[in-house]
Amino acid sequence: MAGWQFPGIAHGADYYPEQWLDRPEILEADLEMMVKARVNLVTLGVFAWAMEEPEEGVFRFDWLRERLDALHARGIRVLLATPSGARPNWLAEKYPEVQRVGEDRRRNLPGMRMNHCYTSPVYRRLTQRIDTELARRFARHPAVVGWHISNEYHGECHCPLCQEAFRGWLQRRYGTLERLNAAWWTGFWSKHYTDWRQIASPSSLGERALPALRVDWLRFVTDQTRDFMSMEVEAVRPFNPVLPVTTNMIGRLIEIDTPRFRDLLDVAALDIYPEWGSGDDAAVADAAAMEHDLTRCLLDKPYLLLETTPSMTNWQAVGQPKRPGMHMLCAMQAIAHGADAFMMFQWRKARGGFEKFHGAVVSHDGRDDTRVFREVAETGARLARLGELKGSVTHAQAALIFDWNNRWAIGACKGPREGIDPDGEALAHYRALAALGIDVDVIDSEHGLDDYRLVCAPMLYMLKSGVAERLERFVCGGGTLLMTCFSALTDESDLCFDTGAPGPLRKLLGLRVEELDTLYPHQRNRVRFAPDGPLGGMEAAECDFWCEILHAETAETAAVYESDYYRGMPAVTRNRFGDGEAWYLGTRLGLDALRKVHASLSARAGIALQASGLSKGVRVHCREKDGVRYLFLLNFGDEPGNATIPPCVNLETGQPAGGMMVVPARQALVFRQAAFHARD
Amino acid sequence: MAGWQFPGIAHGADYYPEQWLDRPEILEADLEMMVKARVNLVTLGVFAWAMEEPEEGVFRFDWLRERLDALHARGIRVLLATPSGARPNWLAEKYPEVQRVGEDRRRNLPGMRMNHCYTSPVYRRLTQRIDTELARRFARHPAVVGWHISNEYHGECHCPLCQEAFRGWLQRRYGTLERLNAAWWTGFWSKHYTDWRQIASPSSLGERALPALRVDWLRFVTDQTRDFMSMEVEAVRPFNPVLPVTTNMIGRLIEIDTPRFRDLLDVAALDIYPEWGSGDDAAVADAAAMEHDLTRCLLDKPYLLLETTPSMTNWQAVGQPKRPGMHMLCAMQAIAHGADAFMMFQWRKARGGFEKFHGAVVSHDGRDDTRVFREVAETGARLARLGELKGSVTHAQAALIFDWNNRWAIGACKGPREGIDPDGEALAHYRALAALGIDVDVIDSEHGLDDYRLVCAPMLYMLKSGVAERLERFVCGGGTLLMTCFSALTDESDLCFDTGAPGPLRKLLGLRVEELDTLYPHQRNRVRFAPDGPLGGMEAAECDFWCEILHAETAETAAVYESDYYRGMPAVTRNRFGDGEAWYLGTRLGLDALRKVHASLSARAGIALQASGLSKGVRVHCREKDGVRYLFLLNFGDEPGNATIPPCVNLETGQPAGGMMVVPARQALVFRQAAFHARD
Amino acid sequence: MAGWQFPGIAHGADYYPEQWLDRPEILEADLEMMVKARVNLVTLGVFAWAMEEPEEGVFRFDWLRERLDALHARGIRVLLATPSGARPNWLAEKYPEVQRVGEDRRRNLPGMRMNHCYTSPVYRRLTQRIDTELARRFARHPAVVGWHISNEYHGECHCPLCQEAFRGWLQRRYGTLERLNAAWWTGFWSKHYTDWRQIASPSSLGERALPALRVDWLRFVTDQTRDFMSMEVEAVRPFNPVLPVTTNMIGRLIEIDTPRFRDLLDVAALDIYPEWGSGDDAAVADAAAMEHDLTRCLLDKPYLLLETTPSMTNWQAVGQPKRPGMHMLCAMQAIAHGADAFMMFQWRKARGGFEKFHGAVVSHDGRDDTRVFREVAETGARLARLGELKGSVTHAQAALIFDWNNRWAIGACKGPREGIDPDGEALAHYRALAALGIDVDVIDSEHGLDDYRLVCAPMLYMLKSGVAERLERFVCGGGTLLMTCFSALTDESDLCFDTGAPGPLRKLLGLRVEELDTLYPHQRNRVRFAPDGPLGGMEAAECDFWCEILHAETAETAAVYESDYYRGMPAVTRNRFGDGEAWYLGTRLGLDALRKVHASLSARAGIALQASGLSKGVRVHCREKDGVRYLFLLNFGDEPGNATIPPCVNLETGQPAGGMMVVPARQALVFRQAAFHARD
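Residue numbers (my numbering), protein chains in the order written: chain A, 1 to 680; chain B, 1001 to 1680; chain C, 2001 to 2680.
Keep in mind the hints are simulated off the structure, nothing from the lab.
With a straight-line cut-off of 30 Å between C-alpha atoms, the simulated DSS-like cross-links for lysine-lysine are: (1) B:1507 x B:1596; (2) A:414 x B:1094; (3) C:2414 x C:2464; (4) A:94 x C:2414; (5) A:301 x A:464; (6) A:390 x A:625.
Coverage of chain B stretches by chain C, computed from C-beta distances (three or more under 8 Å per stretch; other residues unrestricted): (7) 1186 to 1195; (8) 1203 to 1211; (9) 1413 to 1420; (10) 1506 to 1517.
All C-beta atoms, glycine included, are put in the ideal place defined by N, C-alpha and C.
Just need the whole structure built from these sequences, with the hints factored in.
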């Protein structure tokens, strides 16, 4: 089986030599500067289709072979990309069917990128051919260490071919229209389908009021995209079966159910562009961290960070350059979360085009005496010294359920109010755990739970089949579960449970929900914690947005509402179930209160903290390998920060360490604990 | 002639048993709970077309007959709906012409509801057939007490059939292109039409700069909608000529000139969804009240409230549940304004679909021990006790002119500034009167004025033909008229009067308007009342938005502007005309000042108040029947409120009452005055 | 050669008698009131096509001849318009190809105005014919003093005819696809074109990510529009070669490169609608002034102000009437900047249509005893007294470069941040100079620089070919140049210079730019001026939005940043070059600091001020003729303002003047200096 065999931590960038083939002195300078910057891996060939196949069936790979050879000669390895991310103009001109059709049923004109119909037989055939030609030539080139399949798959197409494929997908899913009608509740508004042909994708011009249709459509879109990728993988795989395959994913992108790509990947990969400086950098770091964890949990092993900017982007509202030190800190964050590669977009700035002002290691002036180049080179040097971390793994004891079907189903809801934000809710819980120094796995609802002591499933509105049973088993076996408002309302078809919320979790949570009150932006309530309850001692805290009116059945009340007509009724509950505890939070709390709740729950759950006394902005993470634990302290703040850690040694200096450590602003420290007994 | 013969006040909900036909235990539970909730009327069949005619020409009504029988057996009556509000999928698939075309000339795809082309002969034919089949079977079913024609008619279609119909409508209206060209002032921008075919509906892709075209288009849309409804009425009527007909209207909806439906209705009906909690509930209540009054004035007799939520909606920005007591108060508000039915959307929440989180009497869990069910049942019980109110009428002495042609014409104007809001202006005057405890008729400009002492015609920009004469006659005969800024500028064709504003009302108002100053949001002016003028004693008040520069001719100046270049010029005037007075307010005042103006005018006009000393949030209304007057005190505030009323008895307790009464927060009291002499 | 031969200052309005042909008493009243208002010129025939050619090939000009004769009889001259600004309905109906296609490839429906395809052979043919018919009849009518070609040319069409013309334009520009591919940097994202047919205009449905395509498209649009105008000029010119030609332009309109119309114009003309009252009227006045200067600099001689409202518009957010005095002040502003005509839109308000509430000299009521009429008449009388100013010219010593290619290129950029506003930047520098009392020429980057002492080229992102050389020559010869952040990044093809910024200006400016930092809205930096540097003595000032990190090479540092990682690095520099100085401002300063910078630079550059000690809101301008200088003091403030001027006489009173003068609020004074030696 193919696996990521790279020696040490990979460091490099997307490289587009095809833009400079008429400037050999620049190509040469690139190589020299790469060595200077400690680049050991570059991604080649993303968007090179027009260079590789300038007209249909005419292939030109000499330039690529030359670049591979030259890179190889310098000891730089290559992640080779299939070029399907951008079509050549001749292709779109000749075969208009490859262009996507929007939800409003208008077909795109040629242009842009990453906007192909994944159903189109023509596009599949031509992609397969260029992939095959590429693989035939280079799958065994000594520089090539893996496949980078296409680029940031996403988007949806509503063309007639996709409509037909969607209907086929529905036929396979439901078998009969009767079952589909039942699942989609078409008795409402006379929506009964009497022929498969009546079904079409959601559209602002047509059906936009059938949530189950939208959820199934997005499931189909993921499956169709996955199927396209599978075709690409099969095109390149035969030419070197041990070459690992990956594709660069956009962490929390809404429309593609990333975990469904698991079995196509030998190694997972992430593109990430945090907006440092936009506000509190610790908050920005946590949002990024969540995407790192999500990527790691796809395969539960080290992954690749394939794109991040060395300085700024051109496409964010404010494309601010990273402040000094931030680039190195980003690299350390990636490694701390389990990445084995830290790659940038891009090596050299294009002179023209949409992204000509996107940051790069080398700017238009081709200089290597810039701040950006210097920081990149320093980062490369440091990563080179951290090679032993390669292959070490994360053993999180806490998990956060972040599920695409659930996000889609909530997004497909009309109401009961505006602004429902499952991602924001997930991030709030993630941040509460991160601030406590707890490593978190970010998993979908089909992921196993056996490894965890604490599982947080915020706003798990849709319970896919099997999830209720898995959660019960987890708690029964001693786990601690935290669920929150607007959860367990619908089944996998988005049908509301006819027992009301929390449907099949009523026994586990020990309660039922009578009403959901929603608050206007000018309204607030407060929760008061029962002094002798399981969260006794916590201060009353403000809550807003919505408040569920709960009836505790077997659950104990940990907190009650302070005002309104449900004053005194439970707002937070705890239900003992088997050997574990199932908690429920019926309203939205601020970050401070959430952190206190998680501090209490994680302590009860027996989660051992690797560090304590973290200053605001300081985060701690662990990786483990061969009985050794690596401890990372990252400080995203503007001021030096503290953390208290167990006795260990500084991995880079070899100095003994432990106790209260000071982490300078925007810096990272790495420690090694040798006398460590791995959990499993 | 058909009339609403229901015994007592109707109480019930929209009921969709077709969603639960495979769950007989639920259908049975529904009946039991309806009895518990004191439901005596349900609306059946809205959106049931797909169940009634699963394929073209195949009819299935057994399920409906069973439900009618079962309801009848429990003593529950039925308002039976024609199902044209939602098309079956087979219909849209087979006959694409039934789908509306947008103003951008794109035809809808199948989906949604209430989006059919009202011109389409196919849609008319199929609607007529299903209506006929329905009526043939059930028009004489003992449970059926009336027809609910379709659902919330609205919207416009720009398809070729509608374009052709529009051109025909214009030919009938204008006879010759010459007359149309003159009316539309096509000498501007070379817009002269030389062939009827050149005319098309307004479009963002085409003509959007011809206000008269837009106004005529909206007139046509109303007429076409009305014609469609007329076809439906004629389809069902023959099967039981005494069964009354109604349709549920959306009060102030802009695109349909509701009063034009008068002669199709045996009883008027309203759907209403106030956003309680969004701000000041008294303001929310007044906005709702205005819609109640508007609905009552369609036929000048009791009407039906056909839809309101028992708890929350799913489609408002914040779908907040009604606070305890509010549901009962809403019911009392409806009755106080003249409703003889209080019906809810909906009986039971759907498990799926667009509105699955819309409030209902029974939620997904099917329980009757909820707060919502309890409040509904209490309301039903109270309405049952108030049966004698049925058929009593409102005799308002004040009227507010609220005219669709006028709203359209203002909306079609480009300028002279943004934010011109005739509805907001109407509501402000309505609220000023409501706060004084004055019952108000909300009428269009064609409604008779003989019954009123005070008529308020705010921002009556377009004077349809005959209106000037009617207003003159009203004042001449002793009435008091109040008009305001931006009035009497154009005739029925939206042509500016070539004598300037106020055109034919110059003699009645005794003034002319030279200029309209508009104020930026940061600008204000003030009006100062002449101490010895007709509003002497009123404090100076801020004004904003715009200020007309008036030349009083025969009018007296009641107030002048305090600043700017028109300082000292008239801002408020009064003109004695015949036996009455015509007032003019040349600027926009705040609500407090407006209330004082109305207090003064209504006192001069001799309007007798039924109550005095109303606390903020308390409203008073009267209904009369057989020499008895019923007095309602409603308190929309969060605190107990007061009102002083004449001697009477509490209708529900039988206790003597009168003098200063305390109305608890969010409650309503009903009194009876027996020794009352009806006005006419 | 044709030239503007009007005797004295023209005063008048757009006049649309075609709307009133059935009202002869109104036409007669118009003439009488025009005389009263001192109107000596009207614009006739704009939008009269439907009246002139009611069906294809049928011409009706009698009404026009009658109006021309009648006006002539009263001594009123006529600027005669070709009617191509609005199509008759028969034309759009018969020839759909004349209707524009939007960037989304949807063709307009008939309607609106100024939305024709300039490529359409049909539209060209029919325009040419109506123009010819018009010119044949009236080019030698004694009342006619010039041609007003069409109306406010602007907009773009994406129809197949335009696509074809665009491809032809590109073929002429680039010759080969290879050169086009190189210029557009199509190596990025596989955008290599292999056939001309693959190229299409930018579209939200297609290519929207190729900045060079967008810039070339806008160049094409200007050229195509210019070509259309050229066709119209050639249609009318032969019938009277000495009749001057103009077209009314919309000053800073983005999509048309106004200076490219230079050689079609005998006299330049401007339409302008400042939003007086919207904020600080001095700021509004400066924005208007910049458009006046831009129009004057098209031909470097007196121009015509062809449209402004006498009171209010109907299409602005708040169409506020001008306050008393403002209309006269506007007229004086126009004259002060070099206009020889002050014309209004419009003479009389239309009774219907889109602009029926647009201000006019005569309102719907036809009265001449209004404030608006009175102020117009007073303005007319004053202009009649100022006839000697006619033909006098402006000799500005400072110039501001305002270049369309540059604006387009910046607009086509993706990033590096949002909100980049070259127009706002230009206006800020313009205002700084205006507040110092310096007359400014507003020129494009191809305009000669020999006449100036100071040239300000803010945000000159794109350096068209030849510009670098011209700037070098200017400074070398003793000029003072000021450039600012985000400049000199790309060449004429929008390719980034491969030496980085400032590309070919590195020697002239004596620096290079390493990085561009962008600041979030909540962030600020400050610049500190070196005490012994060339701006020593200036107080530290706040800067925001972005900060370039500069390396001064031969330049001196005038100011440094106070904070962030580039603290202490240069923010403002000065480079001596030949006999002049090249300044660079690497960040964005507030208006106060900018004014101080310009005060210092203009003093160094030896610019003589015509007045000093200007109060806020007071502006000074000069015109010169025959050795006489006319000095204007304009006060846009609400309070009287001061200015100190040299000895002279008040042109209108003949009184000696000089020293500190008081200008009343919203008034203008004009002085004459006889003993003046013209600069050249």
